[in-house]
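2 protein chains.
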Amino acid sequence: MKKLETVQLDHGSGGLASQELIKDIFLSHLDNPVLAALEDSAVLETDRGRLAFSTDSYVVDPLFFPGGDIGLLAVHGTINDLAMRGARPFCLSLGMILEEGCPMEVLRLIVDSIRKASCESGVPVVTGDTKVVPKGKGDKVFINTSGIGFVDKGVDISASMARVGDVILLSGSMGDHGITILTQRAGISMQGKLRSDTMALHNLVQKIIGLKSGAVHTLRDPTRGGVATSLNEIAEAAGVAIEIDEAEIPVHKEVDAACEILGMDPLYLANEGKCLALVQAEYAREILQAMRSLPEGAEAAIIGRVTDGPAGRVVLKTIAGGSRIVSSLTGEPLPRIC
Amino acid sequence: MKKLETVQLDHGSGGLASQELIKDIFLSHLDNPVLAALEDSAVLETDRGRLAFSTDSYVVDPLFFPGGDIGLLAVHGTINDLAMRGARPFCLSLGMILEEGCPMEVLRLIVDSIRKASCESGVPVVTGDTKVVPKGKGDKVFINTSGIGFVDKGVDISASMARVGDVILLSGSMGDHGITILTQRAGISMQGKLRSDTMALHNLVQKIIGLKSGAVHTLRDPTRGGVATSLNEIAEAAGVAIEIDEAEIPVHKEVDAACEILGMDPLYLANEGKCLALVQAEYAREILQAMRSLPEGAEAAIIGRVTDGPAGRVVLKTIAGGSRIVSSLTGEPLPRIC
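Line by line, the protein sequences give chains R and G. The opening residue of the first sequence carries number 103 in our numbering; numbering runs sequentially from there. The opening residue of the second sequence carries number 103 in our numbering; numbering runs sequentially from there.
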């Protein structure tokens, strides 16, 4: 297959095209075992214990949307990437690329959101940088946050740790963020309360990994590419198969309705305040209860299990009683969702 | 004075307007002592020793220029920000914001430069993220790198540590990077060899801080805003005055010539492979020799001293025998220099 000669929107969608870009361009040049693991954050052995390190750029359009804005996303997203390795987030950096002519009030509102999210989650912004590009060479505000976390002894959480027999939990309903952005962009106003789920998950994670040492094998926040893509990545990394039950996956009815209108599948929509947890079966109920005891996990559910089917295969058992293969996001570009 | 209502190019120049933006918008919201110190990187006390953390976005235009490209800058710049606190750089993150339609070959060349710079400096890229924005909403490639370093016991280097009597060294010639970018943009071709000085300085820093514990008080790499702005920042942070000797400041003759043509003052031009070191006077000669023993410090010079004049004042003793106040960069926007 001839390689595409230019960067396409699809390369940023978080699906298959993103994975190909990463493998072709980044891993082929920058290969090292930590980077190659393609986890939500790097975990680094140092002579001072284990550090988690993560980075994410935020280019969401529109900047403000029901339930949040780019500032909240930038704080929550990087905290969550650290949390998905079981790390206790310690601090954040903040890099802003501003477009000339961006209203100062827009910037002020965003930085105020960053302040709120940082205070509420207890993770301070300790270093920053601001660049300005001429009008037409950016789009108001792009943000990068990077974060450092500490990984306690005995915590070893990664996609490759998933094991046959593990139970799969989702910490809440699916698709809220993605569909909120898409309806905003399409100019569709839905009755009811479509709103982004942007939220920090580090407290939920600390709670569930503290229940029973080693019981949580894998955590991932299904952002770009959605639950479907995250599960495919996990199945591939661990060399296992995954089965999920459509009837068990929580989806708000407003999200379902908007998906119908826009022809979207919530399995592929971005979430910004949810995590998948693959856990030892005997502790699954207890972990579910722990999630549900917190506001951020109130709608948590057991949605499936890891099976010994073909490595990398993800199967959805439909409400109708059938089953179908669920692949990674492909084809449809959903640009600037986060 | 009425505040400007929108972001201006000048807000990204690294001079006074940048400082005002940082104080007005960022510090007023995100205030904490580590961020407020406005150092090149944050140094964080943790139960696992001291960590340095830094972030920088790179939006240089053009992407490729004599002596380097945006990829080299992105690696060297963040390594240098860590080194300026005396930290040993440990690892980097890499966040890319790509514009739809960016030629894949451009991306490949840049990532290859990142690989080279990372290998040569021994600081690996361990985590990354890629976003794509639609054509016209970015400009081919923007890069953020963040970095973690370790600060050894006994190392305490910051702008506020500068003391009256300290000797000021510059690790090499001034203005090479800034004037290279400006002549490229102006389409001016100079005879001789104008080229960016982009270079990692962490080995030079480790060498000079290892000579005599506590002898190096302050380090800063004079990037945006140049030597003039960095010295003003130091003088203000430490509450001291600074005097520099025009005759002693190394400037390549090609840089001088290009500055004449473009009406620029090399004191305000960005450097990407130089550092200012403010050191205890009795060790200044030894530190100068140590710098000169390395290729990256071959042209190092003693350029001035810290005096007990009015806090925050920087004075240039001119070659003609006069003296003039040197203020921070102001007015003239030099966008996208790094």
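Don't read these hints as lab results, they were simulated from the structure. Treat the hints with care, as some may be off.
[What the hints assert, rightly or not] The calculated lysine-lysine pairs, modelled on DSBU-like cross-linking and capped at a C-alpha distance of 35 Å, are:
1. G/295 <-> R/295
2. R/255 <-> G/295
3. R/218 <-> G/242
4. R/242 <-> G/218
5. G/309 <-> G/295
Status of each hint after checking the structure:
At most 35 Å may separate the alpha-carbon atoms for a hinted pair to count; residue 295 of chain G and residue 295 of chain R exceed this at roughly 62 Å. Between residue 255 of chain R and residue 295 of chain G the CA atoms are separated by roughly 54 Å; this puts the pair beyond 35 Å, and the hint is violated. In summary, the hint linking residue 218 of chain R to residue 242 of chain G is supported, as the alpha carbons are separated by about 33 Å, within the 35 Å threshold. A C-alpha spacing of about 33 Å is found between residue 242 of chain R and residue 218 of chain G, which places the hinted pair at or below 35 Å, so the restraint holds.
With a C-alpha separation of about 29 Å, the suggested pair residue 309 of chain G and residue 295 of chain G falls inside the 35 Å cut-off, and the hint holds.
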